[in-house]
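**Student:** Below are the chains, spelled out letter by letter.
There are 2 protein chains.
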Amino acid sequence: MIALAQVNTAVGDLDGNSEKILDFADRAVEAGADLVVFPELCLTGYPPEDLLLKQEFTRGSMVAMNKLAAGIGDIVAVVGFVESDYDTFNSAAVVSRGEIVCTYRKTFLPNYGVFDEKRYFGAGAGSVVLDLGGIRVGVTICEDIWFAGGPVEEQVARGGAELVVNLSASPFNRGKHSYREQLVASRSMDGPVVIAYVNNVGAQDELVFDGGSCVYHPQLGFIARAPRFREDLLLCPVDFGLLKSVRMLEPRFRYSTANCPHDSITVCEIEMPARDSAVTSIAAREVAPGDLSPVEEIFEALLLGLKEYVEDNGFEKVILGLSGGIDSALTAALAVEALGPANVVCVFLPSRFTSEQSRGSAYQLADSLGVRLITMSIDEVFKSYLTSLEPELGPDAEGPAIENVQARIRGNLLMALSNRYGWLVLATGNKSELSMGYCTLYGDMAGGFALIKDLLKTQVYEVARYINDRAGRQVIPVEVIERPPTAELREDQLDTDTLPPYDELDPVLEAYIEQGRSAGDIVEMGFAPELVRRVITTVDANEYKRRQAPVGVKITSRAFGRDWRMPISSLARSWTLDI
Amino acid sequence: MIALAQVNTAVGDLDGNSEKILDFADRAVEAGADLVVFPELCLTGYPPEDLLLKQEFTRGSMVAMNKLAAGIGDIVAVVGFVESDYDTFNSAAVVSRGEIVCTYRKTFLPNYGVFDEKRYFGAGAGSVVLDLGGIRVGVTICEDIWFAGGPVEEQVARGGAELVVNLSASPFNRGKHSYREQLVASRSMDGPVVIAYVNNVGAQDELVFDGGSCVYHPQLGFIARAPRFREDLLLCPVDFGLLKSVRMLEPRFRYSTANCPHDSITVCEIEMPARDSAVTSIAAREVAPGDLSPVEEIFEALLLGLKEYVEDNGFEKVILGLSGGIDSALTAALAVEALGPANVVCVFLPSRFTSEQSRGSAYQLADSLGVRLITMSIDEVFKSYLTSLEPELGPDAEGPAIENVQARIRGNLLMALSNRYGWLVLATGNKSELSMGYCTLYGDMAGGFALIKDLLKTQVYEVARYINDRAGRQVIPVEVIERPPTAELREDQLDTDTLPPYDELDPVLEAYIEQGRSAGDIVEMGFAPELVRRVITTVDANEYKRRQAPVGVKITSRAFGRDWRMPISSLARSWTLDI
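Residue numbers (the working numbering), protein chains in the order written: chain A, 371 to 949; chain B, 371 to 949.
Keep in mind the hints are simulated off the structure, nothing from the lab.
It should be emphasised that the depicted structure is a prediction, and the values quoted were computed from it without experimental measurement.
Using N, Cα and C, we set each Cβ at its ideal position, and we do this for glycine too.
Careful: at least some of the hints might be erroneous.
With a cut-off of at most 20 Å between alpha-carbon atoms, the simulated DMTMM-like pairs for lysine to aspartate or glutamate come out as follows [to be verified]:
1. K488/A <-> D457/B
2. K424/B <-> E773/A
3. K424/B <-> D385/A
4. K424/B <-> E884/A
Here are some of the chain B residues that sit facing chain A, going by a computed Cβ distance under 8 Å [what the hints assert, rightly or not]:
5. G545
6. D575
7. L604
8. S758
Chain A extracted, bound-state conformation (with noise of 0.2 Å):
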């Protein structure tokens, strides 16, 4: 029996790590499983990030990895660690009998998305499969099952591998967990090879991990799932005879070791005790997808982001301000689900501008969640700025200066009461405002998170309804749902005097930011050339204030994170608009 040990470690804490990954190998062999498969870079944490440059990081894995290797009881583990040699690798350890038999290094690393492999590894020369009593097993790390002709097809074309097990850690977006299993699937065939894969679960800054492990078998597909966006100890009987039949099927093409690298493979030959059989007698079946809708994935991305943010940061409680608008009411509602009502502070800051009905929306909203909600005005505070500023922007200002100091103002007395009470600061900003630079730096962009920085407004509303059809009530007043959207910094304001309509804008911001579409590719996509003219020009000019943004959830396939790495000087593009 084989145990995919999907685990939730922490960035830099060895130790906790440590701790985890012994308490789940010990799990796997009180299971009865003969082999436990632990996540990339799991004993690290992923992705370390610089650490990586640090040698007393670098050095500290090695010493845990070996500590962890001699506290590992009777079972073949295999752990994701940083190695330390010649020069830093993304390994996995394979530990029998307290002793790190072998290793296997990565071999292709992605450079890409938010992905800086290169920036920190050597590529691994040498690949390996493991001889379990008879039954080989090759190993590979994320990326290496991610294209044909790779590390896989080698392990059973040159190995004898009848099952895989890949360590990963692939970050969540939107439709990719589907697209990891036709992956899963894909290798699997072409192979033909039984494929374990084991995904890291948790978040780290940006990024999600919805865990989601799985092992694929070419005749039989899905014979186990593991949830997602939780911990799990997954356990699949796959016995020997079901292994060894895969060596009876065709591979889907002949394999060529063009693609793969290596210059050599290792056989490691491991002894293993007998086992009793009644594991070899469960019948491996295909499972049912338990998958989750696209909507529903977003919001447990939401919350799971939130919660590891929260938490990995040391505090307990969070604060945002509440305007009556859709994005503060739906950045509530996911604290609240993922911290508890006690654990969520809201704020009702209203001005001149303010209309009654944002104030209704916020108080019935502070009621629907049951949080506690303080009520300040900051009208005086706004007046005594307009007098300091009356010599210079003259008695009658209006226009974004005056609008935005009113932003500001909630900003400061949101991170007043963050800086005494020791509260995380929420920013509320959705996507397609950020994309648009339609947000006040230091104002509403202040905090410590951006809860919901990567859903297009069309998409908030989406997960807001969610919210609401789960719950059977209106979570979320339909109220703030069905009105149209207004920042409310000077009277009778709508988004649409500055913005196109959302459902115009957010499928050209789409099409523009996620799908890297041009111009010219956009029009021809349907859309009218001036929407996308004034679409493109907005976004290049407001990077300047997406590179003082809080750190968010990445949901999409191109978030404003280490995956958008775009100039802030480069007003002269003369080439971007082939329109």
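Fit chain B to the known structure of chain A by using the hints.
**Tutor:** Only chain B this time, still in chain A's reference frame:
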């Protein structure tokens, strides 16, 4: 004769950059040069970052390069551009008679520090040597000459190169220029071969490129040197005999192909017109270094970095708060030097805690710099905040929460003026503060550009003294330099209430951040374990603040910018304090 065109091009401005390149090519033709060499990626500007992921940009670069080639006159030109083929390459186009006759693709792609070149580019697989009417000229790009046994030696040993040109975009940090010259000399002697090194000049976001192009002859030493921190067309009379003479020298090492992954070397023959022999009569002789002192080069880098950020982002004027302290004084003095006094607006924002000395210094400084000084007391606004916050914080609130309110009022007022008049806000914090989190998010950290964010406090004093020495007068009043630093956010506050004295703090910060040393190593250097523990723990805990800081000029080998990618969520550092 060869011409080194040390041009300043802007990221993304293909049209403007093309014009500038043509202009320099024309000037090189007029000067009678046979060959003109431009910096790395000068056509697109460097670094284009994620613009390189846009097909319309890489296609645009191809189109612009072809158009540019057609416009270049009677000279051989080597121009850095983005080449789009089955992959994207960081390439040099060799242009003759209006056509691109061949391209060389950069082989060694830096993917460390501020560099992400493996995110964008494929590595070149072939080497290129030009045969210019009998003279063999190798072509390399930046990193290609940073290691022994690379393309330079290959082009000499296998391609018979007598001259190797290197197109660079090597960002400034203190001390790097002399290291670069040593590199050029080393590769030249390794060859042996004459090396013509052409570096980019200008600034892009946090990076400054300091020029300093040069030509090195393995026997004669530096036979030409361009100025630093400004554009130049460096003409170097390298005659045929001088080049051929390098063939008589012994290589320093025996060349092995082991380090250079090229699978081919192309010799590209280019017919050259018979030149007037006048140029060959000028004897090349060694040129003395016109090098800047350590503080001079920091000063020049700060000026160039600020000037370009302001221009490239469409600003004319900057605004900053003067506190009467050294950081804002230095920032103001630098801004005046870079932009002129008419383009610098200073604001004095006193509170109840502001001393008469601070007021005097601020006025004296504004007077000395000849800049406009707006005075705006924050006391009334501060009072109104205290009133609003009283129900939550109590009547006699004190501590960081209340102190930060003041800093954020200042930030808000500066931003209001910025928003109203389109002035760029300069943040004035230094690296010692930013390292220790001794700064207020959205307060003194607010701004579009943090000019001195990579200067430790002790370096702030150094540059301030240099400015006074250089001017031969107290540009910055000596009281400002000599008074003990204070944030003046409460009665009788001193920086040393919270921080170790800067002369103890800064060396520890430099060892930890810039040199990447561990706690144990720093203690071994002679610092007290308690100090080291305190500093490291505080630096680590304040990552969240740095993540929201504005960009600023990189001065050290490790700034808080693209070369510092630390996780925020990483509290549990069981490995970090090996003391």
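**Student:** Give a verdict on every hint.
**Tutor:** So, going through the hints one by one against the coordinates:
Taken as a hint, the K488/A and D457/B pair is honoured in the structure, with Cα atoms around 18 Å apart against an allowance of 20 Å. Only pairs whose Cα atoms come within 20 Å are accepted, and K424/B paired with E773/A is rejected, the gap being roughly 35 Å. Of the pairs offered as hints, the one joining K424/B and D385/A is violated, with about 43 Å between alpha carbons and a cut-off of 20 Å exceeded. Simply put, K424/B and E884/A have alpha-carbon atoms about 12 Å apart, close enough for the 20 Å limit, and the pair holds.
Taking 8 Å as the C-beta cut-off, the interface hint given for G545/B is violated, the closest approach to chain A being about 20 Å. With a least beta-carbon distance of about 5 Å to chain A, the hint placing D575/B at the interface is held under the 8 Å criterion. Because the smallest distance between the Cβ of L604/B and any Cβ of chain A comes to about 26 Å, over 8 Å, the interface hint for this residue is violated. Satisfaction of the interface hint for S758/B is found here, the shortest Cβ-Cβ separation to chain A being roughly 6 Å, below the 8 Å cut-off.
Hints 2, 3, 5, 7, counting from the list given before, are not met by this structure.
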